[in-house]
Each structure stands twice: as structure tokens, then as C-alpha cells.
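Novice: Produce the entire structure from the sequences given, and follow the hints as far as they go.
The primary structure of each chain is shown beneath.
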Amino acid sequence: MGTSLERLIATTEELSTEILRAQLDTPSDIEAFRIRFIGQKRGLITQLFKQIPRLPKEDRRTAGQVLNALRKKAQATLDSAHQKSVSDPVNLSEIDLTLPGRKNQWTGSRHPITLALSRITDIFHRMGFTIAEGPEMEDDWHNFTALNFPEDHPARDMQDTLFIDEKSPDQPRIMMRTHTSPVQIRTMMAGEPPFRLIAPGRVYRNEAITYKSYCLFHQVEGLVVDEGITMADLKDTLYRFARAFFGEDVKLRYRSSFFPFTEPSAELDIWWNLPDHPDGGRWMEILGSGMVHPNVLEAVGLDPERYTGYAFGMGVERPAMLRYDIKDIRLFYENDVRFLAQF
Amino acid sequence: MKISYNWLSEYVSHGLSIAELADALTLSGLEVEHIEQHDLSLDGVLVGQVRSVHPHPDADRLQLCNVDLGDGTPVQIVCGAPNVAPDQRVPVATVGSRLTINEKTIRIKKTKIRGQVSMGMICAEDELGISEDHHGIMILAGSSTIGEPLKEYLLREEGLAADTTLDLAITPNRPDAVCHFGVARDLSALQNVQVTFPDVPIPPSGSEASNHIDISIQCPDVCSRYTAMIVRDVTVGPSPAWLKHRLEAVGLRSINNIVDVTNFVMYECGQPLHAFDYDRIAQKKIIVRESVEGETFVTLDRKQHTLEEGMILICDGKEPVAIGGIMGGKNSEVGDTTRNILIESAWFDPTRTRRSSKVLGISTDASYRFERGADTRRQPWAAMRTAMLIAELAGGKIVPGMVDVYPTPKSLATVDLRISRIRTILGIKIEHRRILQILESLGFAPREAAEGLVSCTIPTYRPDVNLEIDLIEEVARIHGLENIDLPEHTSLRLSAPRPRPADLLREHAHIHLTGHGFREIYTNSLLPDEVARQFSQAVLDSDDPPARTLNAVSRSMATLRPSLLPGMLMAMQRNANHSQRVLRFYEFGHVFHHSKRAAAFIENFSEYDVLLLGISGAIRPTNWDQDHQVADFFDLKGEVCQLLDTLQFNALRMQPSYTATELTDYHITLYSGRTHIGVLAKLSGAIQESFDLPDPVFFAEFNWTRLLLLHEKNPPQTYTRISPFPEMERDLSVSVDKSQAVGPMISTLRKVGQPLLRNVDVFDVYTGNQIPADRKSIAFSLRFGGNRTLRDEEIDRIISAIVNAFSEQFGATLRS
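Chains as they are written, first to last, in the working numbering: chain S, 49 to 391; chain F, 125 to 940.
Don't read these hints as lab results, they were simulated from the structure.
Each hint can be trusted.
Okay, derived cross-link-like pairs now, BS3-like style, lysine-lysine, Cα gap no bigger than 27 Å in a straight line:
(1) S/Lys260 to F/Lys482
(2) S/Lys215 to F/Lys482
(3) F/Lys761 to S/Lys151
(4) S/Lys215 to F/Lys720
(5) F/Lys534 to F/Lys409
(6) F/Lys521 to F/Lys409
(7) S/Lys299 to F/Lys553
(8) F/Lys126 to S/Lys260
Specialist: See the structure below:
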């Protein structure tokens, strides 16, 4: 079939006349027009565009311009027909479609801490961790002794402990757990390795309530104990978590630190971009971690020569405050609907 | 704990900038929390020579000085200092320079003072930021060069330079790192360079010193070593600039040359020291003993303390002169007139020091170090170092020898390290040579005891190192955690474990409740005691008392919540105060109380999970064709039934109670068999008012732990075949006595309607003109179905059986 520029222009003019004369009164008229001229597959103008490559090279540019003008004209006709059909009055005596929809219920919401906790546990769950829980009221052995906190050691002062009145104690023995780490002990006491668990929960500190501290907060604890587990495995797990939680391009660093129940211990910092900061951002501490201390394994009856493992724990409020730019921790516990409704 | 960059750099040439140093220390376990620069800000301050001094013609106290600044053109400077004299070398702030005085920056300009030109300022030490001395202008030594920048002179002659303070967070396992030596040791290991500590010739114990002081320790358990030296004929006075600067850099104020030396040596080597006025020590005796209850003592800061039993007291022949490890006494303090100094360098027990410090509410640089564990071998070195510096700076004479009472010397521990174990723990191989270097630099004197086995001798400044794993940590932190490569193969599993039923059930409840317009809240687990007690009895199925705390920081957080209800009411109150009329909340949380039953976790206490729902106010958003409607009990009951239905708790029994309690006007108790599961209730009007809530409050509290147990007992769900036969609907309207409850009638309906009755709904309850005043009409909608097509006659037969039963049991009559 021969194709020439003249023939194409002639067709264009015919179509142009047809477009001018089109009567578009009903929605079905409008739709039919759209399909006839600019439908994706068989639209007449669409078809003409497909002829361009078959034209002589020097004519292609002109053909393109002519067709583009035609397509614009068809689109303009279509748009004004649409406009007209929307603004035309419908029969209001029957139905007013512009009235607000009837709301039979408000929108509910989950608390931001629940959201943050489940985001964290979901990531670990997909990496093979099971969820474990323990009581918030703990005894000295689970909260401290089994976790290698020596009696009368300054490490016990690192956490301001809230003790429970036992009516007749010589020495306070029951307390609100200061961390989720006792769940490590309870889980290991109750089972056999390998352990791969994640323990979310509420923990307590005997602190006054201010904008930056609260007497309780939430933590997620992780524990892996098996044969042949190393610190490199710990880094592998945390790196995968950080990428899933903070994004693929997360920047991390490990800082040597001290926790009685892990050795070597490390804190994990992530680089937090702050455009206004002189260094463009700063390192933010997000979790504490380390290799399970042999004394902890021994306390739960495991042989540290055979088993090794790692543990980590992170606060939930702090990253949430970072993420949502919340400056006052009390907002989490005041339950103002204007706050809750934002999550 | 603060360290000075310049001071540190004296012991180890680390070659690191301040930023690099801070990073290296932070990553290896000594976290730098804060960096502060101390600038000498002496640009434009030069050494000048005073050529001549003439009185100012128009001011009595001012003088006109002709000062040579080395550029050949002497300038005139007006000076008010009384000590200015010809031929002095003095610091001159030249025109255009800036000085920072009392935190204000002053620009030096050419001025006229009472008509005389002044081309700069001759400065006192405080104006240069060198010390707080403002007695007169600073006089420089003859070794200065006219015209040289003062900075260069100060650095050369007095060791003064701009410095940087690094504030370190010291973890409890690093008692060695509370001084410059300790930080220097870490640095030497990190950079693999040598440390050089000052050489101090330690005198033998005994000799002349023992003739002048007698020392006895009555409590060697808590004071294992007491070393003393004496320096005679000192002149107490201000410290030299270099010493003041060192102390300033670590955040200490200069007191006098004696006290400053003890502080300097403490920050240098970690050993706290105390200087007594030797002449005020009665009978030239030091007795270390434990205090008895009720003794009083006045510390250096002029405060009187009443002591508890068992604090360590340093006494002379008459009375206590210091609380060991905490603070010295007023009665033996070094003052301006002190001539002879007794230096104490001792070891006090960490636990005892910690307890005394807590009880007395005194935390000092000394107690900070003793409670972490001081080095048990540093005392003689520190005593001699202190004595030498005092002799040098205060002009005294060291009494030869020392008294070193150390009844039971501790032997050095050894710990073996298997090289292979490093790889087992860290997952990487570290070069053998580097391992030995690190251990050597940190002072562990590694010795290869056998193939792959290194035997380490633990220095006394590292009491925290007792196990092989402690040595592995040392190697790891110095080698760098950053240098532990990720493993080639992950140890993680590909498959996610099966979710726990508990998590699925809770997730299901979350989805349902948020879909029903409830907002989840988190409330404080700690309540004021009276609130906890008020709410404990009404909601629990027992009258066990709530669990109180021993050491709450405030009265409003004294007792653990026995119920989630008060927390929710506070949340409702808060929102009502902010004009929120939509109060639909739920909370999952733990509650606590004393219990005599067998405990799941902690004996004598019960702790379990609770779910609380609460509604008050509008039941649905206002729409253009629906009026505002305030929630009542049946809105709550409906929500509860739908929730229990979707969670498939089908066999719970509801026991109504029309009796008001302290907390509720009426309620329904929820049971599974005889097990209490929860309550649904209307909050009493009085409590509603006490929380300023405008609308009635309805709540349901469930023992979620018990619901979970039920859930786990539920048989696995199976599919029931859908009947292909049509169902039939019938309505039934009866009239009964007004007081007749509908619940029992539904039970009868279900019983009589078996097995074809599939569903019962109540679609109308009517009282009014149409029926007698003492009657009400109830309309039921019934749905029947079976495994076959039902015939009208058989449904009619069931209906008449129901009508008969209704009539017999409830005196019901059929309404047409």
C-alpha cells in the first residue's frame, strides 16, 4: 500500500471536519467519539500516527506536526464535552449525589507503639525469629543475677529499678523489669537450643516523668543461641534488620560498649541525616547488642563451649520519636485523640 | 570523665587529630560524649619590653609606658597596674587584637585615656585567660624574645597551649579508664605505639617516714592498703599556670598548689589522693576503722554528716579526720598556713564506697574512682609522684621513705586465651601478631604457653578482666568491631516460623476493633495508690490487694494498676477536656495484684493480660439524615458480642447483675463454665462525674490471658456444608409482663425450636397505648432451616410449641 504525505493530509482534513461537526450530548456519545478518534488501539488518529515511519524521511516531520494538531483538536473537543456533561444539572428531586457519604462509624487506629513494635517484630519474624513474652514483674534472679549483674555492682545502678513491696522482705527481691532481657532467661530455661526469638514488651525505670523520660517504655529483645554463632552473624542480622527498617541505604557503625550479659558488647548507631546540622547529620544510638556472656549460658544450664549466641535490645519510643519528629515522650501515654488520629 | 587532649598527648604520640582521636576512642568503647575547645585567643598579643615609665599628667593611678615591641618603633601605652616597671618583659595586646575577658570579646583600639594616646594594653593573667589572677600585669621571664607572639612563649616556657577537653562516658567495666594513663593505654593499643609515663623512683617502705607517722588498718577487708608520705616545710600558695590549665581542662578549679597536685595525680594515674595538714593529725597516728551508727563528722565543705554503721573512717589519735574514699574533714584541711603535708594514697572497697556515697549523698572524684575499683598496686607510685610535685611546686622537702601498710598483698591473676576461641566468638581470623600486640599494649603481658594458647597476666588496674571472654572483648574492641566482616553465608533461616495463636488472635482483635471505630491507647501501668485500691475490687473477681512499689519517685506512680479502667478514664477525661466527643477506646495491657493462688511467674503476685473496651458519647458520626445519638449499654454489649463472635468465643455465659457497686450502676459478668472472663458495665454516675465526663461511660474488661487459654482449647475449625435447601422466616409477637426479661425467653425459644431453628433476633420491644400498661410486647424474628425442604405445617407446629412454652413459663400471650 502506498503512503504519501498528500494522502495523509487529505485524511487529516476529512477527520478534522468530522471532529468539528461531532454532536456529543450523552456520555455514550462522548465515549464513542473517544474510541473512534483517539482510542489506544483502533483510534483513527492513533492509526495515522503508525503510518509515519512508512513515509519518506523528509516528510515525517511535517506529518507529525499535522497529526499532533489533529490529536489536540480531538482532545479539546472531548474535554469540553466532558466539562459540559458534568456541569449539567441532574434531576435533584430524585437524588443528590453530591451529599456527603453516610459515615456509620469513625476510623479507628492502632497506637503508634503497637505499629512500631509490629514493624520490628514482623521483620525478625520473616528472618526466622519466633515471638516470646515474659512478665513485667520480675524477680532479682531473672532481671539481674542470671544476666550476670554481680551483686552490688555499679551496673545495677545503670538502670533505676522500681521495686515492689513484698510486705515482709529482708531485701527487695521483686521489681518491675528494667529491660526485656529476662525473657532470654525464661525462654532458655524452658527449652533447648537452637533459640531464635524476639521479645517485645514494656519495661520500667524509676524516673520522674518529663518530656524526655517516662517511668516506662517499650523494648524489643532478640536472642539467638546455637552451635557456631559468631559476632559476624550478629552483624549480619542487624544489618539486614536495619536495611529493612530504615531503608536500603542505611549507614551503620558499631561501637564497643558494656552490658553485663553480653561480651563483647556493641552499640549500633545509625547515621541520621539532619539538613540543619553542621555535619549534615549525626550518629544516633539505636540498639545495644553483643555475644551472650558465657555466665548467662551457664546460668540457664547451657554449655558455653558448645553453644554461642548473640542478643540485642532496642527501645521503641526513641526511634518512633525520630521517625515522626515527636519531641515529647509523654504524648505516647496521654492518648490525645488528635495525636492518635495521626497514625 | 574529662580528659585533656594535650595532657593525653604527653604520654602517647598517637598522631591523631582531635576528631580522629574522638572517633577512635568512641568506637573502641570510651564514648566521647562531648568535645570542648579551649582557645587561648592570644592572636596579636606580643612580648614587649617596658623601656620607661612616667606618671600620667592628668591621672594619679595611671602611668605612661614606653614599650618596645621589637619593630623598632616603641609605642606609648597607658597602664594602671601598680607593678609595672622599666625593663620588664610584659604581654602586650596590640592594636587590632581581640581578648576574651569574662566571656566578652574586646577589640583593642588606639585610644586616648585622659588625653594621652594608648597604643594597646599591657595584660594581667586573667585578661589573657591564663588564670584568674588580677593582682597586676603578668611579668615574663628574660628568656622571652621582644616582639615574639605570647602564644609561642607560653608554649615554650610554661607548656600552655590551646587545649581540647574530651568528655568520656566510662562504662562500669573500665575502672582503668578514669584517668589519662588508662586512656593513653587504649590509644597505644589502637595505634600500636608506645606509652611513656613519668619515671618515679619509689622509696622503700619504712625508713624515716615511719618515725613520723604510725598507721594501722582495723578493717583490712574494706581498706586493703594505706600508703602515706610526708612533705615538710611547704609554702601553700597558688599553682603555676600549667597546673591550673591542666585542671581547668578536666573541669576542676584550682584551690592551692597542694590540693591541685593531688587532683592532678588522680587525673593522671587514677589513684585518688588526700593531703592532710600533718600538724593537725593528733598523736601522729592514722587509724582506719569502720564507723559506728550515729557518729557525726564535718567534711571539707563544712557540712555535718551523721554516719551510718560501716563507713570507712580515717582517724588520728583523737578523732576522725576523713571519710575514706569520699571526702576529707574540715579539722585536718590544708590551709594557707599549713607547713607540713601528710599524703594519703589508699585503696578503699568499691561496694562500701558506693554505699557510703549513696547514703551520704556525696559523690566526689575520689568516690567515683573507688566505687569502680581502684588499682591495688598504684598507691606507692601515686604517693611519691604527689610528694615530688609538692616538693617541686610548694618548695618542701620529702621525708625519706614511706609508710605502706598492705597486710595481704594480692597476687596477680593469670587468664588463658585460646587463639581459636577468638574466631569462634568473633567469626573472623585476626593475625596472631596483632593479637599479641593488642594484649601487650593493654598491659596483659601475653606469653605463648602452648601452641594456640596465650597466657595473660592481668594487671591490677583491670579487675574486670577475669575470663577468657574478657580478653576476647579486649582484642575485639581494639581490633575494631567495624573490621568484623559479614559472614559468607548467613546463619539466618529462610523460613518464617508458624505464628503463635496468641499473636494471630490479638491481631484479629486489633483489626476488628479499629474497623469498629475504636482507637488503641497506651496508659501508665503505675497509679496513685488510692486509685488502684478504688478500682481493684470492682473489676477483679477477687479482693486481693493491688501491688505497691517500694521506691516510687512520686505518689502518682505508687501502685501497679489492677485494672486498665482508671487509665482509660483519665484518657477520656483528657479528651473530653479538649472538646472531643468521640470516646471509643481500647487497650491491651498487663494488670497486677497480690495473689495467694499458684503463680505463673512471681510467687504471691498475679500478672495477666487484659483487654479493655470503653465507649462514651456519640455512637456514630453525625450524618445529614441521622441525629446525634449518645451511646448506651446496648451499644457496648453489641460491640462485645460482635468481637467475641468474630474471635469465635461462642460458649461464654453472661450473668446480669442489677445491683450497683462502688464503680458500676449495673453490669454483666462473663463466664466460661465457672471461670470468670470479664465484665461489661455501666460506670457509676459518681465516678463518671469525678472524671468530668459529660456522657455515661460503658466499658468491658476481659481477662485476655484466660480468653487465650480458651482459644487454644478450641477444636480446630472445620467447614460446615452449606445447605442447598431454602430457609424459612417467621415473625412471632407476644405480650408479657413488663418485668419479664427477654434473655430467658430466647433460651426457651432455642430449646423448643431445636433442631430446625437456626437464628433468633429481637426486632421490637414495645410498651405504650396499644397494650395494657403493665405489659410489653416483644417481637422475634425466627429463621428455620434443615437438610431438606421444610413444609409450612412443620414450622406451624414448632411455633405453637413455642407459644405454649412461652405461655407456661412466662405468662405470654400471642399478639396478632
